[in-house]
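Chains as they are written, first to last, in my numbering: chain A, 3 to 109; chain B, 114 to 235.
None of these hints come from the bench; they were simulated from the model. A couple of the hints might just be wrong.
Within a straight-line C-alpha distance of at most 27 angstroms, the following computed DSS-like cross-link-like pairs (lysine-lysine) qualify [what the hints assert, rightly or not]:
hint, chain 1, residue 1, chain 2, residue 2
1, B, Lys156, A, Lys105
2, A, Lys44, A, Lys109
3, A, Lys44, B, Lys156
4, A, Lys44, A, Lys105
5, A, Lys109, A, Lys47
6, B, Lys156, B, Lys178
7, A, Lys47, B, Lys156
8, B, Lys156, A, Lys109
9, A, Lys105, A, Lys47
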Amino acid sequence: DIQMTQSPSSLSASVGDRVTITCRASQGISTYINWYQQRPGKPPKLLIYGASTLQSRAPSRFRGSGSGTDFTFTITNLQPEDFATYYCQHSFNTPYTFGQGTKVEIK
Amino acid sequence: EVQLVESGGGLVEPGGSLRLSCTVSGFAFSNYEMNWVRQAPGKGLEWVSYITGSGGTRYYADSVKGRFTISRDNANNSLFLQMDSLRVDDTAVYYCARESGPPSGPFYFDYWGQGVLVSVSP
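Isolated chain A, as found in the complex (with noise of 0.2 angstroms):
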């Protein structure tokens, strides 16, 4: 099984700032890596896919990259609303797993 290991597991930011959050593969899985917000009580919403591309309905400020085993995903000028848990998940092959997840706090 393909293990994936994201890092931070939190980290505190203001508004306005710049937040990276990585995400590891224990196995190269070329670009099928997709990055999730969730907010407390709520569903997942996908914002990238395909390691780069933003689904359509994601603010612009959202930016994800990478190939292989190492991605990044990337929020710029953070705002009030993005202040959430975000979650990698690789779909290489079964099982579709996800990282560990980083929360994103109010500094």
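Go by the hints and put chain B onto chain A.
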């Protein structure tokens, strides 16, 4: 508008069974693979199971293999998860999710239900 609505959750004793349903609308259900994902209280997301549009291929997480069965009724736009031999550590919110993407990938979960709580306790 695409909608996914789960039902069938509740409180059950260890060893018991539950059947979750996910009723969908707003898209051609039989054209899409579907998945179940769960989230234990205060924990992260765990993929549980996958089924192709025809229902002919199914995959499971090792943690539920042999105990859970995924199925679908395309005529009635419904996805199911039969959960048997439930354990305390199956306690979680269970989400159904639509899988999208080109035939060769990448694949992604673009629509999710609101989730249904399953509690397994003596």
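These are the hints, each one checked on the structure:
Distance restraint check for Lys156/B and Lys105/A: the Cα-Cα separation of roughly 12 angstroms lies within the 27 angstroms cut-off, and the hinted pair is therefore satisfied. Simply put, Lys44/A and Lys109/A have alpha-carbon atoms about 23 angstroms apart, close enough for the 27 angstroms limit, and the pair holds. For a cut-off of 27 angstroms, the pair hint linking Lys44/A to Lys156/B stands: about 14 angstroms separates their Cα positions. Pair hint Lys44/A plus Lys105/A holds up; C-alpha atoms about 14 angstroms apart against a cutoff of 27 angstroms.
Of the supplied pair hints, the one linking Lys109/A and Lys47/A holds, its CA atoms being roughly 24 angstroms apart against a limit of 27 angstroms. The suggested pairing of Lys156/B with Lys178/B holds, with an alpha-carbon distance near 21 angstroms, which does not exceed 27 angstroms. A distance of roughly 17 angstroms separates the Cα atoms of Lys47/A and Lys156/B; the hinted pair therefore holds under the 27 angstroms criterion. Note on Lys156/B and Lys109/A: the hinted pairing holds, with a Cα-Cα distance of about 23 angstroms set against a maximum of 27 angstroms.
A hinted pair counts as satisfied when its Cα atoms are at most 27 angstroms apart, and Lys105/A with Lys47/A qualifies at roughly 15 angstroms.
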